[in-house]
Amino acid sequence: MKEETGSTLTLTGVTKRFDEFTAVNDLSLRVRPGRIFGLIGPNGAGKTTTIRMIVNITAPDEGTIELFGQQINPELQDRIGYLPEERGLYKKMKVIDQLRFFGELKNVKGKNADEAIDRWLARVKLTEWKNKKAMELSKGMQQKIQFIAAVMHDPDLMILDEPFSGLDPVNQEVLKEIVLELKAAGKTIIFSTHQMEMAERLCDDICMINRSNKVLDGTLREIKRSFGRNAVALRLEGDGQRVLDDTALVAKVEQHSDEMEALLAEGVDAQELLRQLVASGARVTKFELVEPSLNDIFIEKVGEVE
Amino acid sequence: MTKFLAILKREYNTRVRTKMFIVATVLGPLMILLFTVVPALIFSLKAGGPTRLAVVDESERMYERVRGSLLNERGEDEGGAPAEKPAMPAPNTNAQERMRQAGEAVRATFDVRQVPLGGRSLDSIQQELNEQVLKDQLDGYVIIPKSVLESGEIEYNGRNTGDVVTSNQIRERISSAVRDQRMADNKINPQLMDEINKPVRMVTNKVTETGREQDSGQGFAFVFIVGFLIYITIIMYGQVVLAAVVEEKETRIAELLFSSVRSFPLLIGKLIGVSLVALTQLAIWALAFGAFAMWGVNALSASGLSISLPHIPASFFVYFFLFFLLGYFIYATFYALVGSMVTTTQEGGQVSMPVLFLLIMGFYLAFPVIRSPGSPLAFWVSMIPFFSPITMIVRIVTQTPPAWQILLSLAIGYATVVFLMWLAARIYRIGMLMYGKRATIPEVLRWVKQA
Numbered sequence: 540m541k542e543e544t545g546s547t548l549t550l551t552g553v554t555k556r557f558d559e560f561t562a563v564n565d566l567s568l569r570v571r572p573g574r575i576f577g578l579i580g581p582n583g584a585g586k587t588t589t590i591r592m593i594v595n596i597t598a599p600d601e602g603t604i605e606l607f608g609q610q611i612n613p614e615l616q617d618r619i620g621y622l623p624e625e626r627g628l629y630k631k632m633k634v635i636d637q638l639r640f641f642g643e644l645k646n647v648k649g650k651n652a653d654e655a656i657d658r659w660l661a662r663v664k665l666t667e668w669k670n671k672k673a674m675e676l677s678k679g680m681q682q683k684i685q686f687i688a689a690v691m692h693d694p695d696l697m698i699l700d701e702p703f704s705g706l707d708p709v710n711q712e713v714l715k716e717i718v719l720e721l722k723a724a725g726k727t728i729i730f731s732t733h734q735m736e737m738a739e740r741l742c743d744d745i746c747m748i749n750r751s752n753k754v755l756d757g758t759l760r761e762i763k764r765s766f767g768r769n770a771v772a773l774r775l776e777g778d779g780q781r782v783l784d785d786t787a788l789v790a791k792v793e794q795h796s797d798e799m800e801a802l803l804a805e806g807v808d809a810q811e812l813l814r815q816l817v818a819s820g821a822r823v824t825k826f827e828l829v830e831p832s833l834n835d836i837f838i839e840k841v842g843e844v845e
Numbered sequence: 065m066t067k068f069l070a071i072l073k074r075e076y077n078t079r080v081r082t083k084m085f086i087v088a089t090v091l092g093p094l095m096i097l098l099f100t101v102v103p104a105l106i107f108s109l110k111a112g113g114p115t116r117l118a119v120v121d122e123s124e125r126m127y128e129r130v131r132g133s134l135l136n137e138r139g140e141d142e143g144g145a146p147a148e149k150p151a152m153p154a155p156n157t158n159a160q161e162r163m164r165q166a167g168e169a170v171r172a173t174f175d176v177r178q179v180p181l182g183g184r185s186l187d188s189i190q191q192e193l194n195e196q197v198l199k200d201q202l203d204g205y206v207i208i209p210k211s212v213l214e215s216g217e218i219e220y221n222g223r224n225t226g227d228v229v230t231s232n233q234i235r236e237r238i239s240s241a242v243r244d245q246r247m248a249d250n251k252i253n254p255q256l257m258d259e260i261n262k263p264v265r266m267v268t269n270k271v272t273e274t275g276r277e278q279d280s281g282q283g284f285a286f287v288f289i290v291g292f293l294i295y296i297t298i299i300m301y302g303q304v305v306l307a308a309v310v311e312e313k314e315t316r317i318a319e320l321l322f323s324s325v326r327s328f329p330l331l332i333g334k335l336i337g338v339s340l341v342a343l344t345q346l347a348i349w350a351l352a353f354g355a356f357a358m359w360g361v362n363a364l365s366a367s368g369l370s371i372s373l374p375h376i377p378a379s380f381f382v383y384f385f386l387f388f389l390l391g392y393f394i395y396a397t398f399y400a401l402v403g404s405m406v407t408t409t410q411e412g413g414q415v416s417m418p419v420l421f422l423l424i425m426g427f428y429l430a431f432p433v434i435r436s437p438g439s440p441l442a443f444w445v446s447m448i449p450f451f452s453p454i455t456m457i458v459r460i461v462t463q464t465p466p467a468w469q470i471l472l473s474l475a476i477g478y479a480t481v482v483f484l485m486w487l488a489a490r491i492y493r494i495g496m497l498m499y500g501k502r503a504t505i506p507e508v509l510r511w512v513k514q515a
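Protein chains in written order, with this note's numbering: chain A, 540 to 845; chain B, 65 to 515.
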C-alpha cells in the first residue's frame with residue numbers, strides 16, 4: 540500500500556524539556572501523505588509543544604524531525620500551513636492587508652496572493668468584510684480569516700490546532716467540509732484537539748498523548764478494533780431478563796433511556812447471547828455490536844495513568 | 065529577505081498612514097516650543113491687573129520720586145536696572161538663568177497712592193492699611209522711614225509675599241528712587257552717574273573651524289532643542305516599539321509569525337521599520353525648518369520682525385542622523401526586550417521604567433555638558449552609549465570635539481547596538497511564546513544561556 544511506503548512527517552525519539560519539566564518525552568510518530576492525522580490528548584499533554592517543533596518554532600532537545608524527506612529547516616516553513624490554538628490578528632489592520640502580509644511571509648505575493656485571498660474570502664463568505672478592520676469582525680469571522688492565513692499559500696501540510704473551538708455549528712460544518720476538500724486534493728492534515736467527537740469524525744490516524752508521553756497510535760479503525768469491549772446494544776420486547784441475569788453470559792447491564800448495553804462476560808460470543816435471547820422467547824428489536832467511541836478510549840487510556 | 069522586507073513594510077505603512085502620525089508630525093514642533101518657551105512665560109505671567117500699592121512716606125520728601133520710579137516714568141534702562149544686568153542675554157547660561165531673565169522682561173505694573181500721615185501714629189496708619197489689604201481694597205503697602213537715605217531700609221507689607229517677581233520689582237524701583245535722591249542731595253548729575261555706571265557690552269563669538277560666528281543667544285536654544293528633540297523622539301518611538309511587540313504577544317500573532325520567519329529578521333525588521341517612521345517624521349521637520357529658514361525668515365524680516373537662525377553646518381545633519389539612530393536602536397531594542405517579557409502594555413510601562421530612567425539621565429547630563437563641553441565629565445558621558453546620543457550631539461553643537469572622540473563614541477555605541485540586538489534575538493522568541501506570566505530577570509538570563 541502507498542501509506543506504507545511514504546511518509547510526510549516522521550518524528551523519532553523527540554524530547555523537549557523546559558527546565559525541569561519534560562513537555563514531550565521520547566515521542567515517535569509518522570504522518571502519512573494525504574491523510575488526516577489526529578494529535579489528541581487532554582490540555583497540557585504536550586500537543587502544542589509538539590506542533591511548535593514540527594513548525595520549527597522551537598527545536599527538540601533530543602530526537603529528529605523529518606518533513607517531506609528532509610531534516611526540518613526554516614525553508615520548509617513555507618510548505619506548512621499553521622493555525623495555532625492561540626491565534627490573533629492585528630486589530631487595526633484591514634483584513635485584506637493582513638492577509639497580504641501573512642501571504643508575503645509565506646512567499647506568496649502580488650496577483651497570486653490577491654487571487655487566493657479573493658477565492659478564500661468567497662469560500663468562507665466574508666468577501667464583503669475585505670476592507671474592514673479586524674477589530675470590527677466577530678470572533679468567529681476572525682477565526683475564518685486566520686484559517687485563510689494558514690491555507691492561502693497552498694501548503695502541502697496543514698496543521699490545525701483546535702480549529703473548531705469558538706466556531707458555531709454552521710461554521711464548524713463549513714470548516715469540516717474545507718478540511719475534507721483539502722484532504723481530497725492530496726494535502727496532509729495534522730489535526731490537534733481534545734474534542735473527541737470531532738476527531739472521530741475526521742481522522743484517519745490517531746496519536747494520543749497524555750502527560751508528555753504517547754499512549755496510543757495507529758489508524759482509527761485498528762484502535763477501535765483493539766478496544767472492542769464486547770458490548771452489545773439491545774432493545775427487547777417481552778421477557779429476556781432471565782438471560783441477561785445469567786452472570787456466566789453477561790457481566791454487566793447498563794440501562795439507557797430506550798435501550799440497554801450489555802457487557803459480555805469473558806470469552807462469551809455475542810452470537811451465543813442472541814441465540815439464548817431468541818430461545819427465551821423475547822423479541823429482539825435491536826441487537827448491535829458496540830464499538831467503543833474515541834471518547835471512551837480516551838477516558839480509559841488517560842484514566843489508566845491517573 | 066522578502067520576509068524581512070514584508071515585516072519592515074508592514075511596520076512602516078501601518079504607522080505612517082495613520083492620523084496619529086500626521087497629528088504628531090504637525091504637533092511635534094509645537095510641543096517642543098511648548099516645553100521650552102511656555103514654562104518661562106508661565107513663570108513670568110501675572111494674572112490680574114496692576115498691583116495696588118500704598119506708600120507711607122515718613123521722610124515726607126521721597127514720595128514723588130518713588131511714585132515716578134514705580135510707575136516707571138523714567139524708562140527701563142535709565143539706571144534703574146541693576147548694573148550687573150547684561151545688555152544682551154549671554155549664551156551658555158543655564159535654563160534657570162534664562163527663565164529669570166524672561167521673568168524680568170515682563171515687568172510688574174503698579175497703581176500707586178500716597179497715604180497722608182496727617183499727624184497720626186504709624187501704628188494706627190498700619191492698622192488701617194492692614195484692614196484695607198484684608199478687604200482686598202489694596203494689595204500691599206510700603207513704609208519709607210525717615211532715615212531711608214542713610215539706612216537704606218524700607219518695609220513692604222503685602223497679601224502675597226510669595227510673588228517674588230513683584231516684590232523684587234518694588235525693591236529695585238524704590239532703591240533706584242532712593243539712589244537718585246542721594247545723588248541729588250550730593251549734587252551729582254544723574255546723567256553723569258549713568259554714564260559712569262554704563263555696563264560693558266559683550267559680543268559673544270563662537271570660535272569654530274570655519275572661523276568666528278556671532279552668537280547672540282540662539283546658540284543655547286538651538287542646543288537645547290536638538291538635545292530635547294533626540295530625547296523626545298527616542299522616547300516616542302521606543303514606546304511605539306514596545307506597544308508593537310506587546311500587541312503581537314497579547315494577540316498571539318507572534319506564534320503565527322514565528323511559524324513563517326526566524327526571530328532575528330522579525331525583530332530587526334520591526335526595529336528598522338519603526339526607525340524609518342521616525343526618520344520620515346524628522347525629515348519632514350527638517351524640510352519645514354529649511355523652508356522656514358529660506359523663505360519664512362525673509363518674509364518676516366520684510367514685515368519688520370527679524371529672527372536670526374543659528375547657522376547649521378551640513379555636517380551637523382550627518383551627526384544628528386548617526387546619533388539619533390544610535391540612540392533609537394539602543395533604546396528601541398531595550399523596549400522590544402521589555403515587550404517580549406511582559407504580558408500587557410501596563411506591565412510594559414512598569415518594567416520599562418529603568419530604561420526610561422537611563423534616557424532621562426542622558427537628557428539631564430546634557431546641561432553640565434552644555435556649560436563645559438570640553439570637561440572630562442563631558443568626555444566620559446559622551447562615550448557611554450546610553451548617554452552619548454544626547455550628550456555627544458550637544459558637544460558637537462556647542463564645541464565640536466576632536467574627530468577621534470566622535471568616531472570612538474559612535475564605534476562604542478554601534479558595538480553596543482550589535483550586542484544588544486544579538487542578546488534581544490535570543491530572548492525575543494522565547495519571551496514572545498511564553499504566555500500567562502511576566503518573565504523574571506533570572507529566567508531571561510537563563511534563556512540567553514540556553515538559546
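FYI, nobody ran anything at the bench for these hints, they're computed from the structure.
Every residue, glycine too, gets a C-beta built ideally from N, C-alpha and C.
One or more of the hints may lead you astray.
To be verified - Here are the simulated lysine-lysine pairs, DSS-like style, with alpha carbons at most 25 angstroms apart: (1) B:262 / B:210; (2) B:73 / A:650; (3) A:672 / A:633; (4) A:671 / B:262; (5) B:251 / A:630; (6) A:650 / A:678; (7) B:501 / A:630; (8) B:73 / A:631; (9) A:763 / A:840; (10) B:73 / A:671; (11) A:840 / A:825; (12) A:669 / B:501; (13) A:715 / A:678; (14) B:251 / B:262; (15) A:672 / A:722; (16) A:672 / B:83; (17) A:648 / B:73; (18) B:73 / A:672; (19) A:678 / A:763; (20) B:513 / A:633; (21) A:671 / A:722; (22) B:501 / B:513; (23) A:825 / A:791; (24) A:791 / A:840; (25) A:633 / A:648; (26) B:199 / A:631; (27) B:73 / A:669; (28) A:630 / B:83; (29) A:715 / A:664; (30) B:73 / A:633.
What the hints assert, rightly or not - Under 7 angstroms between C-beta atoms, here's a sample of chain A residues computed to sit facing chain B: (31) 560; (32) 594; (33) 627.
### Task
Of all the hints given earlier, name the ones this structure violates by number, lowest first.
Hints 1, 4, 5, 6, 11, 12, 15, 19, 20, 21, 26 and 31 are the ones this structure does not satisfy, whereas the remaining hints hold.
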